[in-house]
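Q: Sequence:
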Amino acid sequence: AMNMGAKVVMVDVKDDFTIDPDKIKAAINEHTKVILPVDIGGYPCDYDAIRAVVDDPEVKALYRPASGRQKQLGRIMLLADAAHSLGA
3 AMNMGAKVVM VDVKDDFTID PDKIKAAINE HTKVILPVDI GGYPCDYDAI
53 RAVVDDPEVK ALYRPASGRQ KQLGRIMLLA DAAHSLGA
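Per our numbering, numbering through the sequence shown is continuous, rising by one, with the last residue being 90.
Since the hints were made in silico from the structure, they are not lab data.
Some clues are possibly wrong.
Pairs of lysine to aspartate or glutamate, EDC-like flavour, derived with a Cα cap of 20 Å [claimed, not checked]:
id, residue 1, residue 2
1, Lys62, Asp17
2, Lys9, Glu32
3, Lys35, Asp24
Can you make the complete structure from the sequences, with help from the hints?
A: Rendered as C-alpha cells:
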C-alpha cells in the first residue's frame, strides 16, 4: 500500500486480539479507501461488525472516491486477509 502512495493506519485490537470495530470507525476520515482486517492465529475478526461500520451513514458521508471504480463501489472497500491463501 505504501508503495502506491497510501498512508497505512494501524488500529488497535480488543482483548481477544481481533481488530476493534469502534477503533476502526474512529480512525476513518475522508481519505480512507480500504479497510484490511487481519485474522490472527486463525481466529477471524467480526466481519459483520466491521461491515456495519463501513455501511454506517456517518462513515458513508465521509467517503470521497478517488477513482471511477471507487465511485462505482460507493463505500470504503473491505478487503479480507488473503495472506494465508497465498502461502504467506
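Q: Decide, hint by hint, whether the structure agrees.
A: To see whether the hints hold, each was checked on the structure:
{"no.": "1", "hint": "Lys62 x Asp17", "in the structure": "violated, 28 Å"}
{"no.": "2", "hint": "Lys9 x Glu32", "in the structure": "holds, 13 Å"}
{"no.": "3", "hint": "Lys35 x Asp24", "in the structure": "holds, 17 Å"}
Hint compliance for this structure: hint 1 is the single one not met.
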